[in-house]
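> These are the residues of each chain, in order.
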Amino acid sequence: MKKYFLVVLFSFQLFSQEKSKIVYSNETVVINSGKTLEIEIFNNERRAISKSKNTQEYTIRIPFDSFNEISNIKGSTFINKTNKRVDLSSSSIGTFNAEYENIYKSDNKFKYFVLPKVEDNSIIEFSYKNKLKQPRFLSTFQFQNPIKTETTKLQIRCQPNIEIGYKIFGNYQDKIVFTKATEANLDIYTWEAKDIPEFEGEEDMPSALYFKPHIIYYIKSYEKEGKKEELLGTPEKLYQWYYSLIKDINKTDQTDLKNKTLELIKDKSSDFEKAKVIYQWIQQNVHYVAFEDGMGGFVPREASDIYQKLYGDCKDMANLLNEMLKYAKLDSNLTWIGTRSKPYKYEEVPTPQVDNHMIATVIIEGKSYFLDATDKFCPFTFPSAMIQGKEALIGKSENEFKIVMVPEVEFSKNKINVFMKLNLENNHIVGIANTMVSGFKKSYLLNNLSAYNQKENEIWKNIITANNQKIQLEIQELQKNDYQDLPSIANFKLKLEDGLKDVNGKLLLKPILLPVLKENLIDIQKRKFSIENDFAYLYEIQYQYELPIDYKVEYLPENAKVENDLGSFDIQYKVQKNTITVIQKIESKKLLLESNDFVLWNSFIKALTKQYNQSIILSKK
Amino acid sequence: MKKIALFIVLLLSFHSYSQEIKSYTWDEKPTFKEIPEEYKNQPAIVLLDKRWIHTRVGGYAYATFGMNHFAIKINKSEEINKYNKIKAQDNGYIRDVRDFHARVIKPNGEIKILPQDKIIETTEDKVKSIVFEGVEAGDILEYYFIIKENPASYGVEVFQKEIPVLFAEFTHSQEGVKFETFASPEFKISGLNNKTILTATNIPPYKEESDARNIKNLVKLIYMVSTPAMDTYNWSYFLPRIVAKPSFQYFKKNQAREFIQNLNIGTESTEEKLLKIDEYIKTNFDFVGKGEAAKKVTDLNGGKQKLTAGDVFDLYGFTLKELNIPYKIVVGMSRFIGEVDSEKFVVPLSHEFMYYIPETQKFLSPYDKYLSYGYPVYEVQGSKGRTYNPSNKENYELIFPIAPTEYTVNETQSTISLSDDLATATVEKKYSNTGYDGQLYRNGIKYIKENEDEKILVDFIKKRVFGDELDLKIGNYNFENEEFKYNYTNTPFTINVKAEAKESLTENAGNFVLVNLGKLIGKQSNLYQENERKWDVDLNYAKTYKHKIIFNIPNGYEVESFKDLVIDKKMNGDETKNCSFKSTAKVEGDQLIVEVLEIYKSINYPKETYQEYRNVVNASSDFSKASVVLRPKK
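Taken in order, these protein sequences are the chains called S and H.
The first sequence begins at 505 in the numbering used here and counts up one residue at a time.
The second sequence begins at 211 in the numbering used here and counts up one residue at a time.
Since the hints were derived computationally from the structure, they do not count as laboratory data.
For clarity, every value in this text was computed on a predicted model and none was experimentally measured.
Here a beta-carbon is modelled for each residue, glycine too, at the ideal position from N, C-alpha and C.
Heads up, some of the hints might be wrong.
Said to hold, decoys possible - When the alpha-carbon atoms are kept at most 30 Å apart in a straight line, the in silico DSS-like pairs for lysine-lysine are as follows: (1) S:K1124 - H:K835; (2) S:K557 - H:K672; (3) S:K609 - H:K316; (4) H:K835 - S:K1110; (5) S:K613 - H:K328; (6) S:K1114 - H:K708; (7) S:K615 - H:K297; (8) S:K974 - H:K656; (9) S:K578 - H:K505; (10) S:K585 - H:K708; (11) S:K652 - H:K656; (12) S:K770 - H:K672.
As the list claims (entries may be wrong) - One side only, chain H facing chain S, incomplete, derived with CB under 8 Å: (13) E346; (14) E502; (15) N718; (16) N762.
Please take these sequences and the hints and turn them into a complete structure.
Written out as structure tokens, the structure reads:
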């Protein structure tokens, strides 16, 4: 039965792209250091709109928050056919609060307008001024857009005593031409690019920031009344500012918090156990509610307040965790970090753009543990999946900090272990399947169970059926074992109908029932961007087939093993008396499959699929 | 005197409802319904969900007061984050939040009221919100708020959630307006004067099912508000207005007359006339889309152009009238969304408007670009509709016809040859569709050709003809019977494709070679894991699949077994309404011929027959995994 046509057709209509383009997109940043530092950014853009039905191409949304002001919005539409220009009326510009699913309170807003009377083959223009109130929040400039860009330019105009820092990221860097000139006693920095194609995202790709050409620019220093003021430019300066934001927090009475900590750790003898019980208490009891409201988006709230409310955002949870760990006399520190969506390092981007998250880092017996309580089921000692392989800035004291790399969790710790004891009955395979799920695989399972509570049985069964939908399962035992050092356990009765082929008296048995990774072939001709996995993982599966008494093994496939940097498999067959044991071990080792990994990856998957296609032949004794 | 007394009573009752809602409060010590045993293990349970809308219009009043009172018991800590944030918000534009209170009731009965200073407000749209503090598993979260808004003329109140709701109540009271509700059957209604209360108890958790009327079955309540003098949505008022006179926006009546003249309609039969009208309009007129500006039409017979949907609908009606072809206006509704009300047009629900020709007993669907004169849109098949006859100015109920399984047929023929080393395969496939599928494909391909590049077209062919489980490269392709006119004769729309399978279709078992021929029928859905069913299965349309696979047996091999490819599953019961899957195979010379006939005769399969239905659906999926076993010739 095919039921997919309508969906496919609809999606075509929805995403149909006509070839409109940005004729130019210019941003001019004017920085003036007098008594105060004044930053004004002037944006203007012209687009050629080919089809008026693509409304998103002339619907403009200008985001802003309490750190900047948008003004002087102007716009017009020029209709080629009639040679007429229609101006955007100020009454059609709206201001709205931005709503995000995961953010409870935010000062994010946006100006919204639709250019008027757009017809096919119109030219639209719009411009606006953006006044920045916080000099550390100078922005990013994107050279690539959802439609083709003919010319795009960022220009910074400032007095020579203002020192500018910048760094370019993403593709097409060879197309970006930089010049620096002096004009009317001003330094003029210009980055200009031409003919940048449209950006089209792909499924499972990392953040677009890895690919879209963009520049992060910032003020290193400026002169105020003849004196040099340093803002940013090095991780040290960034940390100085970060420290200034946290130095005055946690001034309220924390007695309750301290008492709670002491109660939690009273029976715990080791630092490891103390850290664990505190971390898990926060995971279980404090709930993530995000705030992005002015400096409230940067300064953690009082730990005692969070303890009483039992909710907070990442920095609130990190602060509470940090305070509790300190009450337990552990070496813990607040830590700034960019999630995997930010492709930056602190040395490259020593500005607040570099990170977007906060955790606590605790050192126990010389080893650092990066604790992120926002993931309710992240195993203790694991960093959360989204910060693996990222730099963490650990604040030690007013002047001391450390930048360290958060390790990626080894694939072997994120494991699904399956043991199947199977019999062949008529043409069916029946038996039991016992599964154990650990590491990120376990936290993924528990997060899913929590999010989709009416699909509990389906989610448990999915441990098996994700790799073979046809297997029928009857749940025998389920153990979440959340907040315990034990894997989640699910035991099932299993039946696979027609799992055997009777070929003129001989039985053909395809013994590998869970063809893990089989569907993961990459369409190399089509795929442009790398593929991101949440974590690396391991499957260890053992099938134990008991043969019918009157049958013997006529043909057994050969053992096979392949290993490379991306993954590995090891499949072994063994016959002992009346039992065939098949062991299948699959490793997916990388978080990020780069495009130059694709050929190797596909050859690995093809070799693996070949093994999955092997059958055992049983014949009558 | 009696009249005066009644007036005073009414006045007092209006006044009291107005005051009552504004002074609504919760019980200081709340009591809730006991949680039934079946729901005790649920992660959270809604104990009460009370909503009240009071509308006052007239005199100096123009306002709606909305009250929401909600209480939920949290059983599992992971659920807290789903329910601990509240926004005092409704569908309309908030003028004022009159009251907003929240409290946490601990398992020991302790009540913690959230201080008012914890309420925050957005700067632009003035929405107030609060987060429950100190919540733990076992707590009850309770809140209520009263907001003043501009009155809305309609609304949809959904009460069913992914957790059970023990008590749901919707109250409406009104002054100066008529307030009508259209509630799911779970609601019981009671009322006095101008206050009506609808209640439902023990609403089970919502669970979506495939091929089910999920939206229709959702426990909800729709309301419409109107001023008493205006009952514009009553069918007896609403339907005559549609046909009263055409109200063309972008061309004039004389242009429409000219258009009809230029169609050169003479003494043909009604059927022929209708085909001519429908074909011209469907072939030449596209709808003005979102973002596109409609323009004055200078010549309706001037070939391809864009018209507003309303003008297209009226042009059909005007043409029928001018040509004296008797017709009726028909209103239907997708059976997946709801059911046409017997009394009136229910604004929030999406209705389908068509014309019905009594003489030919066929439908004209002006709003559905893909669909030709003939059957109605598939979504309304078998459901109740409303029809209006302009000649006698009466409206009646009608039941939409259901197209038979022979109408929509997907027929394929695949010829497959393996390379000498058996590593790759060449497939030539003819993929034909009639009926609803044929019309949708014809229109879909036309759209892609006109709006997209060839890459998208090739991707589409690959996905539709072969599914996404076969890694292959599309070579030559062509289409047959692309024009709209073929819809009238239900001539198949055909795609012929030649493709190279990049992956091997073969598997090894000792000397045996297994060739997965089943894959050639394309991706098949399955119900392997969907063992239980709450609702009937409802399909878009009845349908027949006919597949023929011609496999050229490779040199040096012979067929050992094709048992896998032979499947026979059939639903018992009424032969005219069942479904079945039957495949056969035979060797003819150096070819293996496999044939499949899969039939779904009904669009509705009662849940009692679900297991049999499931067996048939799964048979098609089993077939797609099936292989022929070859062995080297001796």
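> Determine for every hint whether it applies to the structure shown.
Status of the hints after comparison with the structure:
Restraint check: the Cα-Cα separation between S:K1124 and H:K835 comes to about 26 Å, which is no more than 30 Å; the hinted pair holds. With a CA separation close to 28 Å, the supplied pair S:K557 and H:K672 stays within the 30 Å bound. Only pairs whose Cα atoms come within 30 Å are accepted, and S:K609 paired with H:K316 is accepted, the gap being roughly 26 Å. For a cut-off of 30 Å, the pair hint linking H:K835 to S:K1110 stands: about 18 Å separates their Cα positions.
Pair hint S:K613 plus H:K328 holds up; C-alpha atoms about 22 Å apart against a cutoff of 30 Å. A distance of roughly 25 Å separates the Cα atoms of S:K1114 and H:K708; the hinted pair therefore holds under the 30 Å criterion. Taken as a hint, the S:K615 and H:K297 pair is honoured in the structure, with Cα atoms around 23 Å apart against an allowance of 30 Å. For the hint linking S:K974 to H:K656, the alpha-carbon distance of about 37 Å lies beyond 30 Å, and the restraint is violated.
For the given pair, S:K578 sits about 27 Å from H:K505 by alpha-carbon distance, which is consistent with the 30 Å threshold. With a CA separation close to 44 Å, the supplied pair S:K585 and H:K708 exceeds the 30 Å bound. Note on S:K652 and H:K656: the hinted pairing holds, with a Cα-Cα distance of about 26 Å set against a maximum of 30 Å. Distance restraint check for S:K770 and H:K672: the Cα-Cα separation of roughly 65 Å exceeds the 30 Å cut-off, and the hinted pair is therefore not satisfied.
The beta carbon of H:E346 comes within 7 Å of a beta carbon in chain S, closer than 8 Å, and the hint placing it at the interface holds. Evaluation of the H:E502 hint against chain S yields a held restraint, the C-beta minimum of about 5 Å falling below 8 Å. Checking H:N718 against chain S by beta carbon gives a least distance of about 6 Å; that is within 8 Å, so the hint holds. A least Cβ separation of about 21 Å between H:N762 and chain S goes past the 8 Å threshold, and the interface hint is therefore violated.
Going through the hint list in order, the structure does not satisfy hints 8, 10, 12, 16.
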